[in-house]
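K.L.:
Those protein sequences? They're chains U and D, same order as listed. First residue of the first sequence: 19, per the working numbering; consecutive thereafter. First residue of the second sequence: 33, per the working numbering; consecutive thereafter.
Careful: at least some of the hints might be erroneous.
Below 20 Å or equal to it, Euclidean Cα-Cα: the simulated SDA-like pairs (lysine to any residue) are [said to hold, decoys possible]:
| id | chain 1 | residue 1 | chain 2 | residue 2 |
| --- | --- | --- | --- | --- |
| 1 | U | K99 | U | R333 |
| 2 | D | K325 | U | W463 |
| 3 | U | K263 | D | A108 |
Hints were generated in silico from the structure; no laboratory data involved.
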Amino acid sequence: MTLFAVLCALTFPGIHVGRIWVAYWLAPVPNQMGVWPNFRSPLLWDVFAVSIYGTVSLLFWYVGLIPDLATQRDRSTTKIKQWIYGAFALCWRGSQRHWQHYEVAYLVLAGLSPPLVLSVHSIVSMAFAVSQLPGWHTTIFPPYFVAGAIFSGFAMVITLMVICRKAFGLEQVITMRHLDYMAKVILATGMMVGYAYSLEFFIAWYSGNPAEVYVFVNRATGDYAWAYWTMISCNVLVPQLFWFKKLRESLVALFVISIFVNIGMWFERFVIIVTSLHHDFLPSSWDYFRPTIWDVACLVGSFGLFLTLFCLFVRFVPMVATAEVKTVLPQADPHHGSAAGPGAPPPVPALPAGERFGLLAEFTTPAVLYRACESVRDAGYSRWDAHTPFPVHGLDRAMGLRRSKLPWVVFVLAMGGAAGGFALQSWVHSVAYPSVLSGKPFFAWPAYIPVTFELGVLGGALGAVFGILAFNKLPRHHHPLFASTSFERASDDRFFISIESRDPRFDASATPELLRQAGASRLEWLTA
Amino acid sequence: MTHETAHAGELRIPSTHAWSRLPALGAGLAAVGGLLLLAFGRSSERLMAAWLVAFLFFLTIALGCLFFVLIHTAMAGSWGIVVRRVAENAAATVPLFALLFIPVALNLHALYHWSDPEAVAHDALLRWKEPYLNESFFLARAAFYFVVWSGIALWARGLSRRQDLAADPVANGRLRRYSAALLVPLSLTVTFAAFDWIMSLAPHWYSTIFGVYAFAGGFVAGIALLTIVAVGLRGAGLLPSITTEHLHDLGKLLFAFTVFWAYIAFSQFFLIWYGNIPEETVFFLARLQGGFKLVTIALAVGHFGVPFFFLMPRAIKRNPATLVAAALWLLAMHYVDVYWLVIPSIHGLGARPGLVDVAALATVGGVFLAGFGWLLVKSPLVPAYDPRLSESLAFENV
Numbered sequence: 019m020t021l022f023a024v025l026c027a028l029t030f031p032g033i034h035v036g037r038i039w040v041a042y043w044l045a046p047v048p049n050q051m052g053v054w055p056n057f058r059s060p061l062l063w064d065v066f067a068v069s070i071y072g073t074v075s076l077l078f079w080y081v082g083l084i085p086d087l088a089t090q091r092d093r094s095t096t097k098i099k100q101w102i103y104g105a106f107a108l109c110w111r112g113s114q115r116h117w118q119h120y121e122v123a124y125l126v127l128a129g130l131s132p133p134l135v136l137s138v139h140s141i142v143s144m145a146f147a148v149s150q151l152p153g154w155h156t157t158i159f160p161p162y163f164v165a166g167a168i169f170s171g172f173a174m175v176i177t178l179m180v181i182c183r184k185a186f187g188l189e190q191v192i193t194m195r196h197l198d199y200m201a202k203v204i205l206a207t208g209m210m211v212g213y214a215y216s217l218e219f220f221i222a223w224y225s226g227n228p229a230e231v232y233v234f235v236n237r238a239t240g241d242y243a244w245a246y247w248t249m250i251s252c253n254v255l256v257p258q259l260f261w262f263k264k265l266r267e268s269l270v271a272l273f274v275i276s277i278f279v280n281i282g283m284w285f286e287r288f289v290i291i292v293t294s295l296h297h298d299f300l301p302s303s304w305d306y307f308r309p310t311i312w313d314v315a316c317l318v319g320s321f322g323l324f325l326t327l328f329c330l331f332v333r334f335v336p337m338v339a340t341a342e343v344k345t346v347l348p349q350a351d352p353h354h355g356s357a358a359g360p361g362a363p364p365p366v367p368a369l370p371a372g373e374r375f376g377l378l379a380e381f382t383t384p385a386v387l388y389r390a391c392e393s394v395r396d397a398g399y400s401r402w403d404a405h406t407p408f409p410v411h412g413l414d415r416a417m418g419l420r421r422s423k424l425p426w427v428v429f430v431l432a433m434g435g436a437a438g439g440f441a442l443q444s445w446v447h448s449v450a451y452p453s454v455l456s457g458k459p460f461f462a463w464p465a466y467i468p469v470t471f472e473l474g475v476l477g478g479a480l481g482a483v484f485g486i487l488a489f490n491k492l493p494r495h496h497h498p499l500f501a502s503t504s505f506e507r508a509s510d511d512r513f514f515i516s517i518e519s520r521d522p523r524f525d526a527s528a529t530p531e532l533l534r535q536a537g538a539s540r541l542e543w544l545t546a
Numbered sequence: 033m034t035h036e037t038a039h040a041g042e043l044r045i046p047s048t049h050a051w052s053r054l055p056a057l058g059a060g061l062a063a064v065g066g067l068l069l070l071a072f073g074r075s076s077e078r079l080m081a082a083w084l085v086a087f088l089f090f091l092t093i094a095l096g097c098l099f100f101v102l103i104h105t106a107m108a109g110s111w112g113i114v115v116r117r118v119a120e121n122a123a124a125t126v127p128l129f130a131l132l133f134i135p136v137a138l139n140l141h142a143l144y145h146w147s148d149p150e151a152v153a154h155d156a157l158l159r160w161k162e163p164y165l166n167e168s169f170f171l172a173r174a175a176f177y178f179v180v181w182s183g184i185a186l187w188a189r190g191l192s193r194r195q196d197l198a199a200d201p202v203a204n205g206r207l208r209r210y211s212a213a214l215l216v217p218l219s220l221t222v223t224f225a226a227f228d229w230i231m232s233l234a235p236h237w238y239s240t241i242f243g244v245y246a247f248a249g250g251f252v253a254g255i256a257l258l259t260i261v262a263v264g265l266r267g268a269g270l271l272p273s274i275t276t277e278h279l280h281d282l283g284k285l286l287f288a289f290t291v292f293w294a295y296i297a298f299s300q301f302f303l304i305w306y307g308n309i310p311e312e313t314v315f316f317l318a319r320l321q322g323g324f325k326l327v328t329i330a331l332a333v334g335h336f337g338v339p340f341f342f343l344m345p346r347a348i349k350r351n352p353a354t355l356v357a358a359a360l361w362l363l364a365m366h367y368v369d370v371y372w373l374v375i376p377s378i379h380g381l382g383a384r385p386g387l388v389d390v391a392a393l394a395t396v397g398g399v400f401l402a403g404f405g406w407l408l409v410k411s412p413l414v415p416a417y418d419p420r421l422s423e424s425l426a427f428e429n430v
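Build the full structure now, drawing on both the sequences and the hints.
P.N.:
See below:
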């Protein structure tokens, strides 16, 4: 949803830059004209913020999808589907060693995302707030815009979720409790937006600045009062309905209120932009703005683009993070339920001819797997792994794995990105292309902070993603484990241990015996 | 796990324990501080400025703890239940601050330019603001803020105590439902108190984010106090139910809100710097000249730079010694922040702190400690009958 929204948003700068075919001029790269972009301008911060936001969201989304794409690959019915899903799944095989790095990277990406959200919408707000226009130049804009973004974002999620869970039978997964929490977030952020409205109004009066006072009186009583009061009703009054539990539990109320919130937020942007511009410092430009049919068409078109992309998404890609949901089910807890294996230990299959890769053992529950891993670890094996459809809590310890070094990679790349960004900007404006613009000094360090921060986040995110790939040695085109037909269930509902025959402690009779005693329900030899 | 079923009276500070001397210590500190103030307070302006800084420093901590109680309860959090009682007690000292405000109320002329009729007569802007910035409305608002804050703090603490005495689960539902609603009057009163008591020191200046800034600083300092007291009580064997997981979470909150504070502080600075409008830039110009420049740099580096990198590693947050060090540092930085907000706005005061500031800190701090200590000793340290207590005790971080 966030990706599609970014794409829709990007169509508009795509239009208003005029010559989209030279949009690459915005990038800070050496060029034949000998010019560099102006990092002191919020328009450029926007370029960095939105593109980095799109990139990191894409990476976060994709990384989250990898285990589910593996499930799709293993359950595909046609060769083409298997091939395509397999390619995107990067040879993911649920290895616990991989899950370990994955979990850390996912946590890092999840940790980087809120600062990213905050910074991106703060930067968008700064495009207005750094001006000198009354109604725009006010210090509360950054947190106010962020609260507004979360407000409308959650409303959009509710709108889509109410429909999707019904249409796809996901009521047990996306429960009323989730919708209840989302409604509360809408209430809270709506109040923050309302707080900002009241403060803007009070401080405008308090400032005693006639232009400032005028803007706010004009908003409430002037030509655009209809837009202003629509905004207030939809953003401040309507969400108050969510104080009532009955309404938070009613699907109709949730749907209707969330739509009103989005209408209100559209009007908020309209009010901010139009009321401050239609009557600014230059009397010759005072006028009443009327949107043309083309403006309306673009807006409607963007809704169409968004919905098209969303429908394509639900058609082809797992809508729910299946692996993640499995992780939080009670059955996923290795300390829940019996750790006893099957009644009778399975027979040991005959040794195959040819080069052996190793032994694969299948288990039915995480609890049995956990105990088995401890046994294998204690027996001193090193070239072995556990394969699970989701990361089993605590299995790292059961396998004796050391903590992942991924956070260090992320930290170094994040600091590098930030330092590099700051250095680039300083060099551009102090050395390469010093330009006198809007009274800003050459070394305008405060103005460098937005891009520095964004590049830091980008560095961290790239560190997380390329870290996973590097530490896990992915993608691979093939792995001997996939030769086993039963291994398909490793991405579904079965748990496996594989021990390679290259392991120094590997023994053709002792190793299968260990796994039999540990509670395996099936044993299989794998050839290389 | 026997804590949740233990008699609520078991988790109290025994009267023989060192911690039970906290109220007496506070009272003593206040007395010494008070005497020093009377002896050294020469310039009324300097004395009142020092008092205001100390007053705001401790008040924002108490209010930060109140925010913590309300937010944690409204979000139906469970991890923080073991430390909630400490926060409730810190918040419940707010009525004392009404008394500590009296010196400010009696000395408005020394601090607030707009209270001087001479100045108002010659200043069009002050005349414009006169309906808001006049002595009677100002004092009426101050009284209102204290009524609201005391009401909320005592209500929250009272309901929480009712839970102990009557093992009353209804109290819990009420706490949760109303905590969310009460955040509204709390946010608005804190915002306007910041406008009244701090922003109006420079009555020509204004900033819409100022209330959020005051909240951010106070919240960090409140969590810092909570951390220090929690670790202290745990170390003294009085609150064994606080595990490493809880410390980790307090550390994460400290980290997150330090970053939040920096975000708000930078937003305010950056937008005013970029717009470069003289009626707004005066605020920062005053803080970038002379001795105050060092204070500004110290604030940026010390309130953000150092804690950001220090609190990042997991190990630091899980170690009580390093966590307390970070919390103490952040408390000190909060003082620098309040000092930086107040002193430069009062004309003619130099940047260098003096004995009068120490004395003011001792007096106000002593009263705060005395009240906080007394409340801490008086009631059980853990809300033993909170239905989510066992969740809190069993909490585990990733």
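K.L.:
Hint by hint, say whether it matches the structure.
P.N.:
Evaluated hints:
no.	hint	in the structure
1	K99(U) / R333(U)	holds (13 Å)
2	K325(D) / W463(U)	holds (16 Å)
3	K263(U) / A108(D)	holds (15 Å)
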